[in-house]
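Following the hints, put chain B in place on chain A, whose structure we already have.
2 protein chains.
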Amino acid sequence: MTRLGIVGAGQLGRMMALAAAPLGIRTVLLDPGAEACGRFFGEHLMAGFDDLDAMGQLAAAVDVATFEFENIPPASVACLAEHIPVWPPAGALATARDRWAEKSLFRELDIPLPPVARIDSQADLDAAVGDIGLPAVLKTRTLGYDGKGQAVLRSTEDVAGAWAGLGSVPCVLEGFVDFDDELSCIGVRSSAGELRFYDLVLNEHQAGILYRSTPQPHHPLQPAAEQYAGQVMDQLGYVGVMAFEFFRQGDQLLANEIAPRVHNSGHWTIEGARTSQFENHVRAVCGLPLGDTETRESVQMLNVYGGRPDVKRLLSVPGVSWHDYDKTPRPGRKIGHVTVQASEAAVLSRRVQQAESCLRNDRGQ
Amino acid sequence: MTRLGIVGAGQLGRMMALAAAPLGIRTVLLDPGAEACGRFFGEHLMAGFDDLDAMGQLAAAVDVATFEFENIPPASVACLAEHIPVWPPAGALATARDRWAEKSLFRELDIPLPPVARIDSQADLDAAVGDIGLPAVLKTRTLGYDGKGQAVLRSTEDVAGAWAGLGSVPCVLEGFVDFDDELSCIGVRSSAGELRFYDLVLNEHQAGILYRSTPQPHHPLQPAAEQYAGQVMDQLGYVGVMAFEFFRQGDQLLANEIAPRVHNSGHWTIEGARTSQFENHVRAVCGLPLGDTETRESVQMLNVYGGRPDVKRLLSVPGVSWHDYDKTPRPGRKIGHVTVQASEAAVLSRRVQQAESCLRNDRGQ
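Sequences listed follow chains A and B, in order.
Residue numbers for the first sequence follow full-length UniProt numbering, so the first one is 1 and each next one is one higher.
Residue numbers for the second sequence follow full-length UniProt numbering, so the first one is 1 and each next one is one higher.
Chain A on its own, in the form it takes in the complex (with noise of 0.2 Å):
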């Protein structure tokens, strides 16, 4: 029986160890939280992420290991990998960490991307809002998460100064897109180089966050979009469930980022897919061959935040899911998501109206 070290444990390690289960998989998760709440359903190695030899011992327990997010120590993921396979591999976690190494590799394969510019002093900022204008996003190359580590520049006394106020650590300029709306492409590539895809999702945020993902089959820019992420995946010699978000201007795709693992935009293929993206993942990650990414029905996912819904009203809702995350709830902390399901479009646009009638959703400040 193979077993799975899955570094974190929050509500993606927990989703995967979940997946883990039916297949045999035994799941060993490291996480410093002692109220983490994947540790209900593995071995809990209670250590920092920084702790080589908790990686050194979660090494010993496992067979191979992956992650629930892209910003473990470098020396971490070294250390693991000396002993067991890693997947996704260093580099991809290295390149999706890195915003300047991420665009170049979307540069190297002539994928569309916004104008962008690797700053690492003022100087240089000043030369690229000379480039690329106003208004621009200065973000630092690494660590930047929901909109932490980023400065909007809409004038030019927002651009003096702005590095400093970063920090000055390497950043990189982006341009402002001016986007009809935001796609992502979860793929998943196993150790044998297959390549699947699940349909794009139209992902809509609230205050900064994502709050709602819907699947769209039959999307006219399918096909660009798996061609980008799997020439991204086949460049970085992945393996496991990557999301590729992107920014859709018109008929044209435009790269945001990726994310080396499972993502909150396919929690809905837990209920909307034969194959969850959590079961794909894993699947990957062990040897196994994938499972179908097929959208049974019309599906969408509401992510829930800060509060508990009203949990016997939502369940009344037909074809509705209820994922608790059993994290004590508190502003702005995403606590759980609902999936909501119909056999078409209108029936589920009528269910979703419910469901979220149901959310006491506070996403804090």
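It is possible that some hints are incorrect.
Derived coverage of chain B by chain A (criterion: at least 3 residues anywhere in the stretch with Cβ under 8 Å from a Cβ of chain A; other residues may be distant) [as the list claims (entries may be wrong)]: (1) 40 to 50; (2) 271 to 283; (3) 290 to 298; (4) 310 to 318; (5) 322 to 333.
These are calculated hints, taken from the structure and not from any lab test.
Just so we're clear, the structure is a prediction, and the values are computed from it rather than from any experiment.
Cβ atoms here follow ideal geometry from the backbone N, Cα and C, with glycine treated the same way.
Just chain B now, kept in the frame of chain A:
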């Protein structure tokens, strides 16, 4: 958050705990087995099913309790029920445990059933054989399971001493039924009395044990099965999932037996219905509304006995899901099941053939 106690941590307890997780319901599983396969997905309370102290501990740790099997000592059920709600109710377990009580309930509700007689002595048996004729099956009233505690009586010689042969315990004599096939109806009743049913399931046995279950959408006997199962659940004040096994003779159903729990013939619902029998059982016993029971597409379930299949080959068949119970294989031991899905029946049948070629079933003796 609700905490659910489950008595028994075999594969049924395991799949209940896995279904409870997304609902944010934590489980405590009571089972004497140090290796019980459900132990990974909840707190494991290692104790015997007759350990009343442990039942008290379980009751103190959870809000509501349920069972993965019906042969729990009544004193243990009573001990739990003194402190917390226990579903299905003790009366349902008692009825299902005792073949005579079960058949008497069917008669009381005018549900057709094969000829049957209560046997408390060899004289009762001799008289009943006169009424019912041979062949017939003598069964102990309690603790029968998968063909144990039974004697097939074909000739007058078989009848002599047959009652003593089963230990001179209370028995029933059942007339042989020349049936066309065996169907089961999986129903669920909520604490509010709402009833839902999955499609009737055609069950095929090999060497007396269940091998294949195939749901039968639009079966002409669906209304009759729902009526009988609903009557039984209403009469028992039932909460949770119940399986009702029938013999079909032409266009008539004859009651065989009820199982007051999630049932092997309902495992296909994990992928094949929007809400699995496990989730609906957990929803019901935790006082939540029931979920959709419609069959999503063509689906079939195969039990796996004795040895692990060639999992890589199995999972390369489209539409296949593998459920490994994480049990040490030995001849005759049920160690997992396979679900096969397809959008149409002809494709399903090809995929099932491919899947079966990957199984190395060893059903033992």
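Given as covered by chain A, does the region 322 to 333 of chain B meet the bar of three residues or more with CB within less than 8 Å? Check passed, 5 qualifying residues.
Do three or more residues from the region 271 to 283 of chain B put their C-beta atoms closer than 8 Å to C-beta atoms of chain A? Holds: 4 residues of the region 271 to 283 of chain B have a Cβ under 8 Å from chain A.
At least three residues with a C-beta closer than 8 Å to a C-beta of chain A: is that true for the region 310 to 318 of chain B? holds (count 5)
Per-stretch coverage check for the region 40 to 50 of chain B, three Cβ contacts closer than 8 Å to chain A: holds (count 3)
Quick one: see if chain A covers the region 290 to 298 of chain B, three-plus residues with Cβ-Cβ under 8 Å. Our answer is that it holds, as 4 residues pass the Cβ test (under 8 Å) against chain A, meeting three.
Of the numbered hints given earlier, the model fails none.
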